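Going by numbering that gives the first Met the number 0, 66 is the number at position 67 of the sequence shown; the sequence numbering is gapless.
What follows is a list of derived Cβ distance ranges for each label pair:
(1) S29 / A92: 31 to 39 angstroms
(2) S96 / T31: 30 to 38 angstroms
(3) G88 / S29: 35 to 43 angstroms
(4) H37 / F82: 18 to 26 angstroms
Only pairs whose alpha carbons sit at most 20 angstroms apart, straight line, appear in this in silico EDC-like list of lysine to aspartate or glutamate:
(5) K65 / E26
(6) K65 / E44
(7) K65 / D77
In case anyone wonders, no lab produced these hints; they're calculated from the structure. None of these values were measured; they are calculated from a predicted model. Note that CB positions come from ideal geometry on N, CA and C, so glycine has one too.
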Amino acid sequence: MLADRVRQHLRTVAGSGAPIPYQALAEAMSLTPPNTIHRITVALEQLIEEDAVNQRPLIAALVVSKARGGLPAPGFFDCARRFGRLQGGDDTAAHASEVSMAAAYWRTD
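Please model the entire structure based on the sequences and the hints provided.
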């Protein structure tokens with residue numbers, strides 16, 4: 000299942016503490032067109048749901064859009080809010096906090 004492979008890869012990424020772009024994740028998953036980014040976002044939304052339900056930091060926060068200055072796409076915030084996460088008005092601060100928590104929680108040693 001793609002979501003499981005994405006989580007495993009992001010656990011490795013968490014060790015660096017730096018988010019990666021959607022396209023880099025798609026390439027790491029060896030996805031080919033069409034709809035590569037859509038398949039990544041579907042997997043990330045599944046991970047958001049799993050993490051929110053289990054009260055864990057959102058590993059999906061480690062994936063960002065180059066076009067949004069280091070923030071995830073708006074769908075990340077919409078999905079996180081649907082599951083009661085990232086409440087409040089400052090997306091940049093909320094995301095930075097979530098990245099920090101996710102990197103610490105999910106990194107593999």
